[in-house]
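**Student:** Read off the chains here:
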Amino acid sequence: MPGNSTPQPAPVHGWAGHVPAVLAGLALLLGLQLAGTLLVDLTGLPVPGAVVGLAALLVLGARWRGVAVRAEPAGAPLLKHLQLLFVPPGVGALTQLSTLVQNAGPLLLAVVGSFAAGLVVAGTVLQALLRRRASA
Amino acid sequence: MSAVVHAPGFGLFLTLVAYLGAGELHRRLGRPALLAPVLVAMVLVAVALEVLGIGYEEYLASVSVLTLLLGPATVALALPLLRSGRALLADRGAVLLTLCTTGAVSVAVTVAALELCGAPDDLVLTTLPRSVTTPVALTLGVTIGANTTLAVVLTLVSGVLGATVGPWLLDRVRVRDPRARGFAIGVVSHGIGTSRALAESDAAGGWSSAAMVLNALAMTAVLPVVARAFS
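Protein chains in written order, with my numbering: chain A, 1 to 136; chain B, 1001 to 1231.
Don't take every hint at face value.
[Stated by the list, open to error] Okay, the calculated bits of chain B under chain A, using three or more residues with CB under 8 Å as the criterion:
(1) 1036-1042
(2) 1054-1067
(3) 1105-1112
(4) 1179-1188
Please keep in mind that the hints were generated in silico from the structure rather than gathered at the bench.
In this text the structure is predicted, and so the values were computed from the model without any measurement.
Built from N, CA and C at the ideal position, the CB exists for glycine as well.
Same shape as in the complex, but just chain A (with noise of 0.2 Å):
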């Protein structure tokens, strides 16, 4: 296992100098990926492997600082632009637009009923909570 508790003293480089941060997150994060893969399809789990890959590097990297640095430099741009990756199923979508405009009435009662729904508990719940933690 990479790293430990104590300090790093020059974090933000991958494993050793002649190794790219980059290409050295890359692997971390397609390791933990495949190893949830592995997992899921060992347990017949319904998740995605990629979320017990998530899973996974929120148990090591918090008990190993190092191993959230060493997925920074890889993790850090892919998450900036995420985006970026949306395009191509958006533009898969654009195509299904008359099974969208078919349903366009229940499917906006839906999706805007549950988002106005959602973000007024949400917001009102957490607030009220915090608001009492804080007092007591």
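Given the coordinates of chain A, assemble chain B onto it according to the supplied hints.
**Tutor:** What follows is chain B alone, placed relative to chain A:
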């Protein structure tokens, strides 16, 4: 000309140019939420494919590297959560209770609205992953048997709604705590809403990305169970 248009890298080039151009346009116009770069880029690419006579299958093969990156990007969602971990852990009771209540209300309203309209079951399945961040929604959609491309559009609609009317609606119901505002936006409108919450304040942005990831984790566990009733 045809050799260039059908070269293996053309679709990827087109996507990158459209994304960068849409981002630049967005920045110059003062970041209007309705012209979110992802929406503009989608339309630009779709129009270009139509005009140049490139099929969607051929385009998908060209951009397979982007599709591949969705996996590691999903894993990387743990990073913002690790950054705001301490604050969240201190208020974990409030966070968990809010997450469960919101999830229940959101799923109930979605199902009720579609059932009242007499919509077919597969449409319900497609609408369920709506509030989950797109990379997770895509894989989750496949797991529960949703129409994934349509699910992506609905995800984008939720994101844009969160970025445009979200802050306004929160003002109406007097939610002023930046943590609660950020969390509410993240839970219903994931990445696109989160980028808007980040513009409000660091606290709102941090709580928004945390809400987005926690919601994705919770929905991944819950939706397959809910989906069983409709398939």
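**Student:** If a hint holds in the structure, say so; if it doesn't, say that too.
**Tutor:** Quick rundown of the hints versus the structure:
1. 1036-1042: Contact hint for the region 1036-1042 of chain B vs chain A: holds, 6 residues under 8 Å.
2. 1054-1067: Holds, because 6 residues of the region 1054-1067 of chain B bring their Cβ atoms closer than 8 Å to Cβ atoms of chain A.
3. 1105-1112: holds (count 5)
4. 1179-1188: It holds, with 8 qualifying residues against the three required.
When each numbered hint is compared with the structure, no violation occurs for any of them.
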